[in-house]
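Student: So you can see what is in the structure, the chains are spelled out below.
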Amino acid sequence: AQSVTQLGSHVSVSEGALVLLRCNYSSSVPPYLFWYVQYPNQGLQLLLKYTTGATLVKGINGFEAEFKKSETSFHLTKPSAHMSDAAEYFCAVSEAGNTPLVFGKGTRLSVIA
Amino acid sequence: GAGVSQSPSNKVTEKGKDVELRCDPISGHTALYWYRQSLGQGLEFLIYFQGNSAPDKSGLPSDRFSAERTGGSVSTLTIQRTQQEDSAVYLCASSPIYSSGNTIYFGEGSWLTVV
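Line order of the protein sequences matches chains A and B.
Per the numbering used here, residue 19 is the first one in the first sequence, and the count goes up by one each step.
Per the numbering used here, residue 218 is the first one in the second sequence, and the count goes up by one each step.
By construction, these hints were calculated from the structure, which means they are not laboratory data.
Hints are not guaranteed to be accurate.
[Unchecked claim] Sample of chain B residues at the chain A side, in silico, Cβ under 7 Å:
no., residue
1, G259
2, F262
3, S312
4, I314
5, G318
6, T320
7, F323
8, E325
[To be verified] Here are the simulated lysine to any residue pairs, SDA-like style, with alpha carbons at most 25 Å apart:
no., chain 1, residue 1, chain 2, residue 2
9, A, K67, B, Q267
10, A, K67, B, S304
11, A, K76, B, N319
12, A, K67, B, Q258
13, A, K87, B, T330
14, A, K123, A, A104
15, A, K76, B, G220
16, A, K123, B, V306
17, B, K228, A, Y57
18, A, K123, B, N227
19, A, K123, B, K228
20, B, K228, A, G61
21, A, K67, B, A248
22, B, K274, A, T117
23, A, K67, B, S316
24, B, K274, A, V47
25, A, K123, B, S255
26, B, K274, A, G77
27, A, K67, B, S244
28, A, K123, B, K274
29, A, K67, B, T320
30, A, K76, B, P313
31, A, K123, B, S244
32, A, K67, B, K228
33, A, K76, B, K228
34, A, K87, B, S226
35, A, K123, B, S304
36, A, K123, B, G276
37, A, K76, A, H28
38, B, K228, A, Q63
Here the structure is a predicted model, which means the values were calculated and not measured.
Quick reminder that beta carbons are idealized off the backbone N, C-alpha and C, glycines included.
Bound-form chain B, shown alone (with noise of 0.2 Å):
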């Protein structure tokens, strides 16, 4: 596609719901990377994918997120039980390898507000 895609861009859900975020990154990256924007707090980085393999997961701030990426393409950020500190901007992004070095490409992000 022409830039990162991600859905939905604004969710609403009630504290202890489970809620799916979706990313379609760039056609032909690679590497895929979730982050997570909170007011003042900057980005925080969560997870990247080198294909469908997440080498690094140390950044999810609990066992109640999840992601995977299938065919190397389509990546869903899962959070279970949600809770109302998860309210934020979780931004997708992708590159077209995982290098340091690389350009990295940002969809326009998921709000999502636990109430």
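In isolation and in its complexed conformation, chain A is listed as follows (with noise of 0.2 Å):
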């Protein structure tokens, strides 16, 4: 069964600092991955996914994430932080054949002024 580890449970970065956000999945056949936003007291919004084809992925604002397979991760950046950004991050993964989204723990951000 596929699983997803978020390694950090709270990031702090000062504001225009790079943000990388670290997500290992493991997946027996080749996996969906996501990267999901929760501002607070909203739902989850998604940011990004990878399913084929290309393994840099760009998503909303300003964030980007890259697929390596032979790392089996798919860490999440963004290369100035802003207020804004502070929000809990979820990476996920699902696998070919429909299965439903596995969620990892999530990692708060914070970004300091």
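Given two chains presented individually in distinct reference frames, assemble the corresponding complex, making use of the accompanying hints.
Tutor: In structure tokens:
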């Protein structure tokens, strides 16, 4: 069965600094990979996803992630953090063949002025 | 509708009481999902529906939990004889069809507190 590990339950960065949120997955077949963001008191919103094709995926709000099969990783990055990026970020995986999304435990991003 | 709608947004109930949580998916979406979000535990998959059918109920935590969907639209998650460990945010989501690569769209959740 597929699973996701997010390294770091809380990450703190300065405004303007690089954001790096780590995600490693386990899957027995080619995975579909997702990053969702949850702002305070809101539902989850899709940031980006990888299904097939280009391994570098660009999403909303300047975020991107790269699928690295050899490292079983799908880390999320943003070159320059903004105060509005403060939120909870969830990595998720599903497998071809129709399986439900399995989420990691989330990483809370704080941005310091 | 414009998005996934859930009600109630907040519910405080006494231990032992039954609760019903409602989800109204995006219009036209045939797949509907329930997740539970507990503090520090991420999102736990509970159940999904394709139309009115729930092929996989293995994620439901116990037999106190049940869900149904009627008319291929609204779904109700019922928790009987609530326990304090049931306190969590219950998230509903929907997608056009049930397919692994599809984006699923979440509602804002129903916050359940069992006292």
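Student: Does each hint hold? Answer for all of them.
Tutor: These are the hints, each one checked on the structure:
1. G259: holds, 4 Å
2. F262: holds, 5 Å
3. S312: violated, 10 Å
4. I314: violated, 9 Å
5. G318: OK, holds: B:G318 within 7 Å of chain A, min 4 Å.
6. T320: At about 5 Å, which falls below the 7 Å cut-off, the nearest Cβ of chain A leaves the hint on B:T320 intact, so it holds.
7. F323: holds, 4 Å
8. E325: holds, 4 Å
9. A:K67 with B:Q267: holds, 22 Å
10. A:K67 with B:S304: violated, 30 Å
11. A:K76 with B:N319: holds, 17 Å
12. A:K67 with B:Q258: Holds, at about 22 Å.
13. A:K87 with B:T330: violated, 41 Å
14. A:K123 with A:A104: The given pair, whose Cα atoms are some 17 Å apart, holds under the 25 Å limit.
15. A:K76 with B:G220: holds, 24 Å
16. A:K123 with B:V306: holds, 14 Å
17. B:K228 with A:Y57: Distance of about 21 Å is within 25 Å: holds.
18. A:K123 with B:N227: OK: A:K123 and B:N227 at ~23 Å, within 25 Å.
19. A:K123 with B:K228: holds, 24 Å
20. B:K228 with A:G61: Holds, at roughly 17 Å.
21. A:K67 with B:A248: Since the Cα atoms of A:K67 and B:A248 sit roughly 19 Å apart, the hinted pair holds (cutoff 25 Å).
22. B:K274 with A:T117: Holds - the C-alpha atoms of A:T117 and B:K274 are around 13 Å apart, at most 25 Å.
23. A:K67 with B:S316: The given pair, whose Cα atoms are some 14 Å apart, holds under the 25 Å limit.
24. B:K274 with A:V47: holds, 23 Å
25. A:K123 with B:S255: Since the Cα atoms of A:K123 and B:S255 sit roughly 10 Å apart, the hinted pair holds (cutoff 25 Å).
26. B:K274 with A:G77: violated, 33 Å
27. A:K67 with B:S244: holds, 23 Å
28. A:K123 with B:K274: holds, 22 Å
29. A:K67 with B:T320: holds, 8 Å
30. A:K76 with B:P313: holds, 23 Å
31. A:K123 with B:S244: violated, 30 Å
32. A:K67 with B:K228: Judged against 25 Å, a Cα distance of about 33 Å means the pair is violated.
33. A:K76 with B:K228: violated, 38 Å
34. A:K87 with B:S226: Roughly 40 Å separates the two Cα atoms, so the pair is violated.
35. A:K123 with B:S304: Within the cut-off at roughly 17 Å; holds.
36. A:K123 with B:G276: holds, 17 Å
37. A:K76 with A:H28: holds, 23 Å
38. B:K228 with A:Q63: Distance ~23 Å between B:K228 and A:Q63 Cα, so the pair holds.
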